[in-house]
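Visitor: Listed below, chain by chain, are the residues.
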Amino acid sequence: MSEYDVRGQRLVALCLLGLLLFNYPLLAVFNVPRMLFGIPVLYVYFFVAWGALIGLMALVIERRG
Amino acid sequence: MLQGWVVVLASFAYIGLLFAIAYYADRRADAGRSLIDSPYVYSLSLAVYATAWTFYGSVGRAAENGVGFLPIYIGPTLMIALWWVVMRKILRISKQNRITSLADFISSRYGKSALLAGVVTVIAVIGIVPYISLQLKAISNTFSVVLRYPDIVMPANVGEVPVLQDTALFVALFLAAFTILFGTRHLDTSEHHEGMVAAIAFESLVKLVAFIAVGAWVTWGIYHGFGDLFARAAAQPKIAALLTPFDAVSGSYSSWVWLTILSMLAIMFLPRQFQVTVIENKNEQHLNKAIWLFPLYMLAINVFVLPIAFGGLLHFSGGGVDADSFVLTLPMVERRELLALVVFIGGLSAATGMVIVETIALSTMVCNDLVMPVLLRMRALRLTERPDLSGLLLGIRRGAIVAVLLLGFLYFRLAGEAYALVAIGLISFAAVAQFAPAALGGIFWKGGTRLGALAGLGAGFAVWFYTLLLPAFARSGWLPIGFLEAGPWGIELLRPLALFGLGGLDQITHAMIWSMAANIGAYVGVSLMRAPGAEELRQASMFVDVFTRPALVGAAGFWRGTAPAADLHNLLARFVGATAAHEAFEEYARRRGVARAALGPEGDADLVYFVETELAGVIGAASAHIMVASVVKEEALTLDEVRAILDEASQVVVYSRQLERKSRELEAATAELRTANERLQELDRLKDDFISTVTHELRTPLTSIRAFSEILRDDPKLALPQRTKFLDIIAKETERLTRLINQVLDLAKLESGTADWHATSVDMREIVAETVTAMSEVFRERSVRLELRMPGVVSPVQADPDRVKQVLLNLLSNAAKFCEPGRGRVEVSLDEEDGAVRVRVQDNGPGIGAADQKIIFEKFRQVGDALTDKPQGTGLGLHICRQIVERLGGRLWVESRVGAGACFSFTLPVPPARRVLPAARAA
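So the protein sequences, as listed, match chains V and X.
Numbering follows our numbering, with no gaps: position 33 of the first sequence is 33.
Numbering follows our numbering, with no gaps: position 556 of the second sequence is 556.
Everything labelled a hint here was simulated from the structure, so no lab data went into it.
Keep in mind that the hints are not guaranteed to be accurate.
What the hints assert, rightly or not - Reference excerpt, derived from the structure (chain V facing chain X, CB under 8 Å, subset only):
#1 14
#2 24
#3 40
#4 47
#5 50
#6 52
The structure presented is a predicted model; accordingly, all values stated were derived computationally and were not measured.
Heads up, the beta-carbon is just placed ideally off N, CA and C, and yes, glycines get one too.
Isolated chain X (complex conformation):
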């Protein structure tokens, strides 16, 4: 199954599939139903980080120093934890400023400097093109290994392949075609390549599945699980040493730390990572899920690295097989042809994904930040006067894509098996790490200047070149090796691998220490020498304060220039075409809330800013600035003016914050007032009810008093017994009136909280005994039997004795009132339970229905039919009792059934310290 034609066919089929996916995604995007508008696709596209270097190279590194491959993936995990703070900011800045590339981002921050953009581009190209070669080499090598199946022959032993028979060339050409088709389809100001991103996400899936498949097969197919594999590995002293790779003496911890830092920076500033993370991002929210999904992907693709490495070392213990190829050669030597083919395709996907995105990113940079600014400045070309530049722009991009890929191929052909290619992965990481101080400093520190950034980048790059790239060339035999050992011109202090005598470190650590020191030192030092100018300060504020600057002091506040609207329209049309420019202007008018025609012939600063930003989305900030400057009557802002605007802006921020706080406080106060008002109204209603009930209750006795006294007055001849009876009624009604008034007064006192309370320690036995004695006469009169049951001792409670007596009196007189004379029986009992003293008054009267049990404690509610029964009391007694008991911390309730008597009980709490009875009894 691994015949040459099958492999070639499978590769073509795979690349064909990529074309199909990209084409489909582009069609969907055109139809407005984006395929990539999902956090999952976004996370997968970030996995372009895992290249052939991961797919094949991790195993190679693991076979050399155990877990030494892990910092390359753990570093990014740590960095991504910071993305919520850092990357969200970069995303927001980039969307506001229509950033098109990393070079654009940095140059835009430092006053849209074309020089800075160019420097970044050059560094990126020099640092990354060899990395692209590495991917081409991986494809070419694995192809050559697979073709020699069933023999295992390392490509180094094959000999020179003619250029035209080199797979890498054809792969490079195919990738160029793909990238041109889906990377430069048309110019638009958002610079999204949906088809390309969809294809990359798919490739990420393929390489993950392929790698896990081969890893699982090695672990459980060749060996019997992890335990078996590691046990056999540990039995070989050479491999066993890899299980504990750290050695405090050799400085392996410091290499580990620096590798971690290096990959933390690489995940942000590799041009392809910046492209997929920032430029191709459809929605800021997608970042959230990617923050944990992408690290999870890296973890998954690394689980089987060590098993494969150890499996390979055990299998090929005779040597002769490059550890970098274990992933492929293990299935081959075991005659698993299908698996080997899957691995080959997985490796192909890892390599092509990286090459495609990197090439798009680099070509955008080369076009926007290197070629266009130069062309626009060459007045002889009169480019600024040409009617349509979009064709030229696309041409430059396509040319740049082909050039970058051919450069990659050329480097691969020249370097071949040389050291300068094999070690290039980390060397490239170190190159892009040089962007970190200028980029990260730029979004958090307003003091960084254009010159500072240039100095930092220049110094860092120079040290990188001297300590990493030159030694790599020397080891490849392109420079005299004595240059490494003795230093240039024999000056030992300048040896590239031990600069200024700093020896004993591995190459990457050494280079990172010196280059970062030079880079950060120059960036900060030079920035501090001169305060930022107007343009720099404006851009700095737009970057650093992107989250805090209120919308009303938006970017346009900084622009002063005006230009004829028609000129601005034509300018935009020259790059994006007439239709797109027309649409952009319509959109702008909509946003301003006016008709297109109402914008007037003279474009104001806001329109100028709008056009410049739109243009920046196509040709980069630096070029856009040059183009717009050619039509705008520029009135450059002075530094003082920029400062004034910034101060004003920051004051507006402060004011708006204060305003926000004030309005929040006001809202809270309003809510409080509203509830207070509602409560007042409720109380007012209750009071009205109360008054109307009270007056009603007063009127009943008054009416009968008045009626009987009128009879007595008008009829002097009334018989004496009749007269006595009437006077008796009058006296009773007056008594009732007095009682009612007393109770109303009492209630008013209780409810307003002005009642006098004399809380003392009270022995409930005394109170109950006294009250029962006082009431015994009433009971005897009504012929109701009264019984009392009390324990020998109860705990004292804290209460007002008069009030408690009042409650008990009320309950007893109610009981007496409702019992049938002669047969009536009332039992008063006292006990203590659950930390409370309980008094029960049980009668054998008519009882209270369930519905009535609730209302008898309310004001002026009595049991019985109000129309037929003569009221027996005032209707306030039980309400007052409940108020008193609750005030004393207790509870008053009734248990009753109609016809079975009623039992009123109330409890009073016993303070814990005073309990006579142990609490255990309660339980």
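Here chain V stands alone, though its shape is the one from the complex:
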């Protein structure tokens, strides 16, 4: 990975972000018996965070330059 490989660095940063998002203690914050729009908070959190991560990966990959 050369220092010019900005895309690679961004993706590594996203991996680290993911490790943070899907780990203790952030999971503990959402591990509560509450509902959001009638859906359990933990479940909403997982899919929203996961989807956002994939969206960011797509952005890094597909953006020109």
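With chain V's structure known, arrange chain X on it following the hints.
Guide: Using the frame of chain V, we list chain X on its own:
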């Protein structure tokens, strides 16, 4: 609609469709119009990751511990974010070295060791065959559940089925046929199976659609959306507990983390994933899109897992139905026959896709990395002398496919409902995770050695076997259960589930901690004990530096041996056939830029390397090395020589980088020089123009001076009034000449920037008043009325007072010049607006046309017809004025219409701190 014959027919129709797709894709590939050469097909083929274990098992896991199934898919998402760095490298290495399998990759990195290749193969087979059994079991179980429609009977309660009536056997045989047909059609050095990949991509679509269909139906068909479903689930205390599955005390966070790590490794090192991601990859660029498309697929197939699980738990609250079968039993119990059939086909696609790819991957490994090296080493067989080995090779592969599938079936029959089969998914993941240190370490660390890799793999595998596989056997009743509770020979410290007293963890976490510690420890430790040898160092450099090594110090630089070209040709022909070998040699000659005949009878090191790599694409690196060694007069490189080559190579890299930088700098400098030169030429042209104009302007007054003085000299009898008139003209022309020369000098000073400027704080009211007073005499002479309007106060500006006066004088004398005597009227006004002081000189002369308004500020341009009108000025005045005003930070312009007078205005900026008038007035 769920009668036995319909289900069987649908299954056959589905498998038939797979054959058709694969056949069509192979035909297209042969015609050169590849069907799979697309990032979308590539991403779909990666989804072979989702097996029956996903399709049915995720719901089972979710019914047990809520979101506990998610790390298996979130882990890969995180790993894939690293693929840009890791997988691109593996892809490039594999393409350069014609890697045929994961075993080939690892053994190739560590000096093409046949032993290492064999060890990897054995671990893969032991770890994966039970996983294949799991898929066969899923097919067989779902078939048996569907057949008992409309009753819901779990397969465990059906009793023993005779072998020959077992669906799994027929499925296994069909899959063997498919895999043999499309996986071993012919031998080629790129090892692509286009038909198989197309079929797998199609299967990925089918299972996704089926799962989403049943999920949407459960959510909106049985219940009224997510809200309703989750509200009912939360009302049941047993299910409500699943909504917050994490518990800091029970260590569920640590299991979560280890499961994530485990699946991060599995997505790279499961043999089927390596096969579709690396071996079947057509184009490195396809990886880019897959980096986000494949995670998106995993997200999509997981959205409805919890709804189905909760729906199942609510529906079958009496128990008796296995949560693993909810996906199928929910539509059945609700009498949705078509949906149940779709689910069954979806599950079938998930299972068959996995089995097909896994079997191809394993059979390639078994053939290339286990059987062939052994056969080639057995001198008694004299294999190295046989004329055509391609038949033997294909035979071994086909045999391996049948053997792997039958082994899978056998294990399924033996294990049945035993624990050792049910829990095998994660156990298999843990087995392939053992490849990670050797493989990942191998592409980033040159210090890893063959012995280190062997030690790491061996240690990791041994711990895996002891802490995961043996306990699974014990729980299945094949080993005394006391072995688990008391440890072997009653030694508590060696209990497989709490090794060295490490208790309180779940089984996978416990096994991963110990096996990874042993694996990485042995790999690093043993590698560091002895420096890598020549062969290892060469391969290490080829792997680690794959992106940085310049092409000119390519791999061939490491090879020394020579061999007769004919021998090399024959060697290749024995494995790929005469035609393919011929084509390969032609291609090689083309690449070298010479005719085939010109290669000469003695193949050099480059040719030897070429043949070995081609051969490696068919039989793996280790076997290829053995084969080539049999014809090459090998002059083994010593370690020092390899080191020297590597040093040289790295120096070449450094030099070429420096060279690149230098040439970039040179290019930049050249571009700068070019623009500077262009500007110089432009200035030079301007100067020439200027000189020719100036001399022209000088000549006009000189000519008239000369003409009149000649008249005066030659005609002494000229009358006095005439004489006075002529002398008057001469004096005026001389004056004009002087003025012109002064202005040219002034302009030169202004343009070269050497003019003296005395910037002081100037009150414009004073300047305007003084100038108007000075000019009043001129105006009176010409009978032009001059009016002045000034406010009581304006802000001081920063300017050179003499220069400002010069501008105003010029504007006023122009105005006086162009006004008609008697009727002329000039108005000078001063005001302040927008942070600038503005002076306006308005006359009621003939005015200036729009076209002329632009050019009057240029040098030597005057309004009027140059041929008829006598020039009234030098043509430099307004140009100089504009230069001065712009230099002072202001603007000079004209507003005029022909016949309506002209208004020249100029502004001078007021420094913000000195504004007398508040800025608000300006707005």
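Visitor: Tell me, which hint numbers fail for this structure?
Guide: 6
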